[in-house]
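Based on the provided sequences and hints, a complete structural model is requested.
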Amino acid sequence: MTPVATPSFPRAEFRPATTSPLSVDLSDPFLRVCGGGRVKWRHWDGELAIYDGLSGETVVLTGIAGMVLELLVELGPVRRSTLEAELAHILDSPLNEEYKWLLQKGLESLRDASLIDYSGHETSSVE
Amino acid sequence: MSNELHGTIGGRHRRAAIRTGPFTIGIRSGVSLFWRQFDALYRDFERPEADSFIDFDVVMDGGHQFLPPFRRQSRFVFDGESLFDPLPVDQITALFEWGLNWCVTQTAHRYLILHAGVAALGDDAILLPGTSGSGKSTLTTALCFSGWRLLSDELALIDRHDGLVYPMPRPLSLKNASIDLIRSLFPQARIGASIWTERKGTVALVCPPIDSVLASNRPARIRRIVFPTFDSGSVNTTTEVSRGRAFSRLFESAFNYGVAQGQDFDCLADLVEAAPALDLRFNDLTSAKSLIDDMFQRLTCAA
Numbered sequence: 001m002t003p004v005a006t007p008s009f010p011r012a013e014f015r016p017a018t019t020s021p022l023s024v025d026l027s028d029p030f031l032r033v034c035g036g037g038r039v040k041w042r043h044w045d046g047e048l049a050i051y052d053g054l055s056g057e058t059v060v061l062t063g064i065a066g067m068v069l070e071l072l073v074e075l076g077p078v079r080r081s082t083l084e085a086e087l088a089h090i091l092d093s094p095l096n097e098e099y100k101w102l103l104q105k106g107l108e109s110l111r112d113a114s115l116i117d118y119s120g121h122e123t124s125s126v127e
Numbered sequence: 001m002s003n004e005l006h007g008t009i010g011g012r013h014r015r016a017a018i019r020t021g022p023f024t025i026g027i028r029s030g031v032s033l034f035w036r037q038f039d040a041l042y043r044d045f046e047r048p049e050a051d052s053f054i055d056f057d058v059v060m061d062g063g064h065q066f067l068p069p070f071r072r073q074s075r076f077v078f079d080g081e082s083l084f085d086p087l088p089v090d091q092i093t094a095l096f097e098w099g100l101n102w103c104v105t106q107t108a109h110r111y112l113i114l115h116a117g118v119a120a121l122g123d124d125a126i127l128l129p130g131t132s133g134s135g136k137s138t139l140t141t142a143l144c145f146s147g148w149r150l151l152s153d154e155l156a157l158i159d160r161h162d163g164l165v166y167p168m169p170r171p172l173s174l175k176n177a178s179i180d181l182i183r184s185l186f187p188q189a190r191i192g193a194s195i196w197t198e199r200k201g202t203v204a205l206v207c208p209p210i211d212s213v214l215a216s217n218r219p220a221r222i223r224r225i226v227f228p229t230f231d232s233g234s235v236n237t238t239t240e241v242s243r244g245r246a247f248s249r250l251f252e253s254a255f256n257y258g259v260a261q262g263q264d265f266d267c268l269a270d271l272v273e274a275a276p277a278l279d280l281r282f283n284d285l286t287s288a289k290s291l292i293d294d295m296f297q298r299l300t301c302a303a
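Taken in sequence, the protein lines are chains A and B. Numbering follows the numbering used here, in which position 115 of the first sequence is assigned residue number 115; successive positions increment by one, without gaps. Numbering follows the numbering used here, in which position 242 of the second sequence is assigned residue number 242; successive positions increment by one, without gaps.
Calculated directly from the structure, the hints in this document are not laboratory data. Because the structure is a prediction, the values reported are computed rather than measured. The beta carbon of each residue, even a glycine, is placed where N, CA and C say it ideally should be. Each hint can be trusted.
Example chain B residues on the side facing chain A (calculated, C-beta under 10 Å, incomplete): (1) Ser242; (2) Arg243; (3) Gly244; (4) Phe247; (5) Ser248; (6) Phe251; (7) Gln261; (8) Gly262; (9) Asp264; (10) Phe265; (11) Asp266; (12) Asp270; (13) Glu273.
Derived Cβ-Cβ restraints for the label pairs, each shown as a range: (14) Glu252/B <-> Glu70/A: 20 to 30 Å; (15) Ser81/A <-> Asp231/B: 47 to 57 Å; (16) Pro94/A <-> Ala177/B: 53 to 63 Å.
Chain A regions said to be covered by chain B (calculated; three or more residues, Cβ under 8 Å): (17) 42 to 49; (18) 54 to 60.
Structure below.
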């Protein structure tokens, strides 16, 4: 078998996020609820039932995902840092590593269910 | 080849139509055993005119196998098609009920259909979802011979538009030990012959109470969801079920979720928001029934 060379991304093109106004800052991504009328959901005390009108799938998520989704609906599009601050306010304590890990898992669940998207800057958000 | 039948048992074909809830069922059969049992079980049901619109056109066919052991067999024919493997002719009435369940779940998509027993006090209904063997039919039977109204022991028909559950009272299907239990607790119950089936063990059909049959056009609102589990080794216990968990379990019990896309999601979500759910593990039918009676008594007082 002959190895196939795949193009690699030129390292020189990487720019640290803080050095350019056009950078994509994924350390503090911009979060927003998406899906429009395609997605339906109900949130009950930490349980989130979701229906995706495109795929026809129904899932029930437990844990922090429902709380995060409700906050995002309430706050509108926000940076993750803002969301963390709001969660800390609700929990009445700074977010420790465990909470941050849970938040990350919740955000991933919501993204996998096509309920939110997150990107480095506001204008790149998907309508 | 061995599934094929020839001839009829008992002579000429006879026709009948019955109405239960929203459905009219047209039946033809030449099997005299079927008609004896059918007439006893469906004695109180409305018999529509011969020219009525028929929702389900069913033939209960009978004959003998071509090949040894040449047993007498019966089969369920719907809209001209034989849908299931034939069963011994003594199971013909059970086959009719099972086949009719199939017809409803496959075609009545105006409703979101859940695998559940439903009974009502007045217009307040309890939903008893459960798989075969969970005790839902036994509990439903006990309720409907204790002042409750039978809507169904097998299929909950939930209208997607108004969220109401619609009745489809039909003979109740009891299995194994529950047959003698119901016979001893409710001597007034008219229970048909017990037959042995490979799929479910011993089965007997019970005539629904006449009050339930006469009220088969009266829908009800589901107020409580109870997931019954018969467990001979336990005492009666109840545990609250969260709405998300109840939603998941109702989703699993639905025959046609998704047919109406997002409307089905709303229908189930509205249901779990309106009707608190609990698990009921029981080994004593009388106290399980009392527990449900008390639950609805409190509901009525609160209203």
